[in-house]
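Protein chains: 2
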Amino acid sequence: MRISLGLLFLAMNLAAFSQQNGTENLVQYVKPIIGTQRMGHTYPGATAPFGMVQLSPDTDTIPYETNGKYNGDVYKYCAGYQYDDKTIVGFSHTHFSGTGHSDLGDFLIIPTVGDIKLNPGTADNPTSGYRSTFSHNNETAEAGYYKVKLDRYNIDAELTATARVGFHQYTFPKSDNAHIILDLMAGIYNYDDKDVWTFMRVENDTLVTGYRQTNGWGRTRTVYFAMSFSKPIAEYGNENFDKKQAYHGFWGKFDQSKNFPEIAGKRFRAYFNFKTSEGEKIKIKFALSPVSTTNALMNMRAEIPGWDFERVKNDVQNAWQNELQKITIQSQSKEEKENFYTSMYHAFINPITYMDVDGSYKGIDQNVHKADGFTNYTVFSLWDTYRALHPFFNLIQPKRNADMVQSMLAHYDQSAEHMLPVWSHYANENWCMSGYHSVSVLADAIVKGNTTFDAGRALKACITTSSFRRFDGLGYYIDKGYVPCDKTGTSVSTTLEYAYDDWCIAQAAKKLGDTKVYNEYMKRSENYKNVFDPSIGYMRPRYSDGKFREKFDVLSTNDQGFIEGNAWNFSFFVPHDPASLIAMMGGKKKFAQHLDSLFTMELPDKYFAETEDITRDGIIGNYVHGNEPSHHIAYLYNWTDQPWKTQERVRMILKKQYRSAPDGLGGNDDCGQMSAWYIFTTLGFYPVAPGSDQYWLGSPAIDGAVLHLENGKTFTIEVNNQRHRNVYVKKVLLNGQPLNRLYITHSEIMNGGKISFYMSDKHGK
Amino acid sequence: MRISLGLLFLAMNLAAFSQQNGTENLVQYVKPIIGTQRMGHTYPGATAPFGMVQLSPDTDTIPYETNGKYNGDVYKYCAGYQYDDKTIVGFSHTHFSGTGHSDLGDFLIIPTVGDIKLNPGTADNPTSGYRSTFSHNNETAEAGYYKVKLDRYNIDAELTATARVGFHQYTFPKSDNAHIILDLMAGIYNYDDKDVWTFMRVENDTLVTGYRQTNGWGRTRTVYFAMSFSKPIAEYGNENFDKKQAYHGFWGKFDQSKNFPEIAGKRFRAYFNFKTSEGEKIKIKFALSPVSTTNALMNMRAEIPGWDFERVKNDVQNAWQNELQKITIQSQSKEEKENFYTSMYHAFINPITYMDVDGSYKGIDQNVHKADGFTNYTVFSLWDTYRALHPFFNLIQPKRNADMVQSMLAHYDQSAEHMLPVWSHYANENWCMSGYHSVSVLADAIVKGNTTFDAGRALKACITTSSFRRFDGLGYYIDKGYVPCDKTGTSVSTTLEYAYDDWCIAQAAKKLGDTKVYNEYMKRSENYKNVFDPSIGYMRPRYSDGKFREKFDVLSTNDQGFIEGNAWNFSFFVPHDPASLIAMMGGKKKFAQHLDSLFTMELPDKYFAETEDITRDGIIGNYVHGNEPSHHIAYLYNWTDQPWKTQERVRMILKKQYRSAPDGLGGNDDCGQMSAWYIFTTLGFYPVAPGSDQYWLGSPAIDGAVLHLENGKTFTIEVNNQRHRNVYVKKVLLNGQPLNRLYITHSEIMNGGKISFYMSDKHGK
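For the protein sequence lines, the chains are R and B, in the order given. Using the UniProt record's numbering, read the first sequence as starting at 1 and increasing by one per residue. Using the UniProt record's numbering, read the second sequence as starting at 1 and increasing by one per residue.
None of these hints come from the bench; they were simulated from the model. Worth double-checking, as some hints may not be accurate.
Just so you know, same-sequence chains aren't split out, so a pair can sit in one copy or run between any two.
[To be verified] Below 25 Å or equal to it, Euclidean Cα-Cα: the simulated SDA-like pairs (lysine to any residue) are:
#1 K510 / D151
#2 K370 / M298
#3 K243 / P63
#4 K258 / I478
#5 K258 / D479
#6 K547 / T714
#7 K334 / Y476
#8 K551 / Q642
#9 K253 / E526
#10 K258 / G363
#11 K731 / Y743
#12 K69 / M522
#13 K243 / Y70
#14 K243 / K529
#15 K243 / R267
#16 K258 / Y476
#17 K370 / D358
#18 K253 / K529
#19 K762 / I536
#20 K258 / M419
#21 K370 / N204
#22 K253 / F471
#23 K487 / S257
#24 K275 / S257
Quick caveat: nothing in here was measured; it's all calculated off a predicted structure.
Assemble the whole structure, with the sequences as input and the hints as a guide.
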């Protein structure tokens, strides 16, 4: 199905469905403010599920560097908003959710009254520019709706959004001097040369169109817009901040800075003037397109034909209700519900829809393509999301996940390198992090039978991707069985990740009956053994000549051959073969003790400072929940004789790492990966090795849940004798029959039925 | 008809037609080298008639400024080539023909052997870079074909082109170190910030695609390409000349400078390496598109499916033959034939086809449009070309001219200002020069009945254009009847041009029966009277308060209220009502004397220096043929009692201003306007006031001619008793009947027939 009628009508149907279903209002439990303080890197603004527009306040615009020196604070503003800030610069239309690197922040709008100021000003001295002070007391953040009072201007700002259109509603005081500022230079991860080109046309007195091309994290990224005002513009203008331009005949013929309808340049900001009466609302519809201003306008007309702000807000909240109620949980705790449904909300933001209502999108080859039979998505933070988010989609959003695979295959087809995406956004490959984890997502979908796409073509894409010798040490890996530490800085973690990815390819090949590929990649999947140093019991950097590196600190994350993790944590990274890992590390008992140490040791202070992307709270002993490579570790007790320790640890992690508060996330949410971990773990099981059909049991943290599956079936999670201290699972029944293993399979869930957990405060064997 | 099968097949048909017709080979008379020395600003390279590709050698790449100071030499290189230069930098794919301002020069290619150098080097020290010395002895320039030996490398370079594809053929010596350099920074009118963005993909070992976006004279201009090699690339690479780029994950994962298939940035140059045997030919097909790399490839496949260089060369020369033979002339003089057919050639270069083979093109709104039922053209140098070139097209290329009008109407529809083009190229309005002369082109087509377009829509576009008050003093003109000299620098010439343009609108309205518009614009057309100072007998700058400016020099072109002309010349600019002008200037006798002075006076030296765009040879007395405002002046004797002086003067101008030599043009050819003047005048008549259906008689300079009209009819020009000294016309018969007036009408020509001139060395009355 192609989304062609806009979210509006879709949402109306869903609202009807929701009412029929008689489900509780779940939108009330979504707290977008969770994670906006410190390291969560979420944003509080308005977005539709998987929507192209993320309309959200930015509380500062930090340049990437000041006087040629990298500005560390830029990292804080990955999502544009930090809860502790006292000013709002404006509301921009694109944001990543929870990332550890940044971009976007396009098309910042702020309503003002008084003298026109066309620079943002500073947090310390907001009146030097256009930004406004605000208070959290006057702030409301809901799924699909955000409201704040801009104290300086006495303007109430309200935001909502459909998939492709941001909808602003500003309530002004009486003023002869009211303005809408459109800052076309503002952006996240901004630096001097980020603005490549900006183009704006005032088509008539209520319509403005244009585009912005940036060279940021995405190297060649263009976003087109159409902006419609509910009230005619009285006059307008702009200031050009570019150093200079070539001669054009404009000079002498026109004053381009005022009421001239076609502006283009590297850097400029525009304003639109109005007279307002007391309490007058000026509304703005701001539509995006990856392709053209014509298509942006088409998207606007399709998704928000009128000016009824309340209706659009209700529609998008109904759309959220429909997504949230795919899992209904039982819990006495409001905070638990808030944590759960906010996690669901965060899981359903990225990847985003990246095509117009007619299916047009820009490919990585910079040509315009049409998505034929699928919704095209972008923002693939795959190093994070292959772990739990895509498996979660395979379970609860299988249609979308299959479309995401199709989007990745389109990327592969259009890629000059003939590779599946590594970390891609907006028709760009940013090559971030390591591995080729697309293959995990493809294999997981194939193994679980969620293939509306051509599985043979997908397997071929996996093989081609894993054969591109010039990619990040891959040639060495293929030849030697490991990436030598004299060739790349992250040689060990990359070797481990390649080995896991290769196992995924083998699983897909097996499912598709290709024994040759299966055997070849199963062999490659054992390459993790080549970086294990039995003399110390850890994975360890190894030179091209086969020798292990001497200088080596298993606790340090600095230049030890690993990315976002130390040897201690990364040595557990054999998710596809824990049994062999355990044998290699000395057997079950020793391994369980080793795991115990991880969670309980006291990490010397000096190591905290060098741990990326997380707050101190994000570390438990030496276990770093805020960094993804550890996400499966707590479940590894299941392969020892002490599975009850998995149950204990995961309940402890849930409690320590997720709270319903602005600082409720201990690390970057990473496009929903942290949230997906929370959801799985709260429900009582987790996909330790995507590409397998097994979900390994933990300890459900709620009183029960029902999964409303896309195939029409339901899978019920019954939790008996649930209490805070009853973290241990005494017994499990599947459809009334005792379950004599520590995992359930994908098909057992998809077939519908019931799993019953019996909880206890004492662990069994 | 939409051109959809490519020039190839069209050309084949035309070749067949030509053979049937039994016409002499006219391509032999085309000397593209004419005008390449000094001020002609033509280029010698290969282009198809009205083709999108102009593949031509550039002999220097002058930056717009050096150390922040404007570099005067940039003007010399409007067409990239100056005959006196000793080195060729390379061959680029886009060139204006004959302009006085510049842009383009996209995608410069040069074949080299030996060490790779990725900078152009200097004329004084070519070996410091990649450029090569060359000699005119080893140079051949024909219509659609160019050949030169690159002495430094011992490489023969041959170029030909279809409408959308440049075809290179390089004959190499034996070398293990042969290269094709693709300079993606080279350009005409280059300055530091011209390069906005450049994108390149090596799709496979014979195909490269990409695009280049520049901020030059065209502010937002993007050209897409597809480049195909006849031999697989052995290896490739690039050097990035940009200051820096933001972090992308490339770093550490890839060496982007060598064999990495996707490069993007502000400024880089690429190379492709080969091994060649002695005499081995490497061929390159280089296709352009205004829209996408996909479409560039489509254009390539449609227009040059194979690799037969000779065949493509023959096809394009057949296409030229077909255009040239639309007028066959009789002349004993080879030089006259060369002047004539080179003028035809230069007239049929601009405007250029600006759409893909499927009709797609980029509009001025930066959206992709499809030309529905017409060929879309760009490069409208209208201040020049409305005078004689478009009237010439109305006569001999009516289909193309109507399509050009459609292209201008599409521009109007897509323009944010709702104006017809002023000077437009490649989806940009550069606003160059003055007036709104599009209306002349539209009115001329309407009045002459050459309307495949909606004439009512065209009239509406003219009216809207002439009503945009904020354009270049137009509001003042509408209110006061003239542009005050305290408001713009070219107040007088602009007033005169507006008045003429308004008369054109009136003529179109009359033809379409709109009396109200006719009356209104006829009134506006008299506004030239408002800047005439009867006390001195010249047009003169006037202040807002109605007073004429005191400080005023009728001979100077510097800051006197005129553009490209002094008061002396511009005071004759009432082409639509010479009779009234004559009365205003004191009657026929005084006016004729005044004209005599113009052609015979001795202009003090100091005024030469300030005369733009022409060589000293371009000035006859105080008459400046190289600047267009004078082009009708010699014909004004027809309104006095001394029409024989028109005959005398035009023959003299033809002789002095046009020669078959590199320096054969005394001023910029201006996209064919100078050439169109030559053609009309040589044939014996000239459109003094486009928008009227009258061609005023001069003195035919050849022995006879036949116009092969598009409607299938022929119009024969018979010249009796032609000799060099027989410049006077004794008698004229039209279809055997004496012609008792000094003009013929458009329909008299289009109906077919014969005009007979009887020449004499003595003037009659």
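To see whether the hints hold, each was checked on the structure:
{"no.": "1", "hint": "K510 / D151", "verdict": "neither (62 Å within a copy, 62 Å between copies)"}
{"no.": "2", "hint": "K370 / M298", "verdict": "both (15 Å within a copy, 17 Å between copies)"}
{"no.": "3", "hint": "K243 / P63", "verdict": "both (18 Å within a copy, 17 Å between copies)"}
{"no.": "4", "hint": "K258 / I478", "verdict": "between (61 Å within a copy, 21 Å between copies)"}
{"no.": "5", "hint": "K258 / D479", "verdict": "between (64 Å within a copy, 22 Å between copies)"}
{"no.": "6", "hint": "K547 / T714", "verdict": "neither (54 Å within a copy, 90 Å between copies)"}
{"no.": "7", "hint": "K334 / Y476", "verdict": "neither (52 Å within a copy, 70 Å between copies)"}
{"no.": "8", "hint": "K551 / Q642", "verdict": "neither (34 Å within a copy, 103 Å between copies)"}
{"no.": "9", "hint": "K253 / E526", "verdict": "between (71 Å within a copy, 23 Å between copies)"}
{"no.": "10", "hint": "K258 / G363", "verdict": "between (36 Å within a copy, 24 Å between copies)"}
{"no.": "11", "hint": "K731 / Y743", "verdict": "within (13 Å within a copy, 109 Å between copies)"}
{"no.": "12", "hint": "K69 / M522", "verdict": "neither (47 Å within a copy, 66 Å between copies)"}
{"no.": "13", "hint": "K243 / Y70", "verdict": "both (22 Å within a copy, 16 Å between copies)"}
{"no.": "14", "hint": "K243 / K529", "verdict": "neither (57 Å within a copy, 44 Å between copies)"}
{"no.": "15", "hint": "K243 / R267", "verdict": "both (9 Å within a copy, 18 Å between copies)"}
{"no.": "16", "hint": "K258 / Y476", "verdict": "between (60 Å within a copy, 18 Å between copies)"}
{"no.": "17", "hint": "K370 / D358", "verdict": "both (8 Å within a copy, 18 Å between copies)"}
{"no.": "18", "hint": "K253 / K529", "verdict": "between (73 Å within a copy, 23 Å between copies)"}
{"no.": "19", "hint": "K762 / I536", "verdict": "neither (35 Å within a copy, 114 Å between copies)"}
{"no.": "20", "hint": "K258 / M419", "verdict": "between (48 Å within a copy, 18 Å between copies)"}
{"no.": "21", "hint": "K370 / N204", "verdict": "between (30 Å within a copy, 23 Å between copies)"}
{"no.": "22", "hint": "K253 / F471", "verdict": "between (53 Å within a copy, 6 Å between copies)"}
{"no.": "23", "hint": "K487 / S257", "verdict": "between (53 Å within a copy, 18 Å between copies)"}
{"no.": "24", "hint": "K275 / S257", "verdict": "within (20 Å within a copy, 55 Å between copies)"}
When held up to the earlier numbered hints, the structure conflicts with 1, 6, 7, 8, 12, 14 and 19 and fits the remainder.
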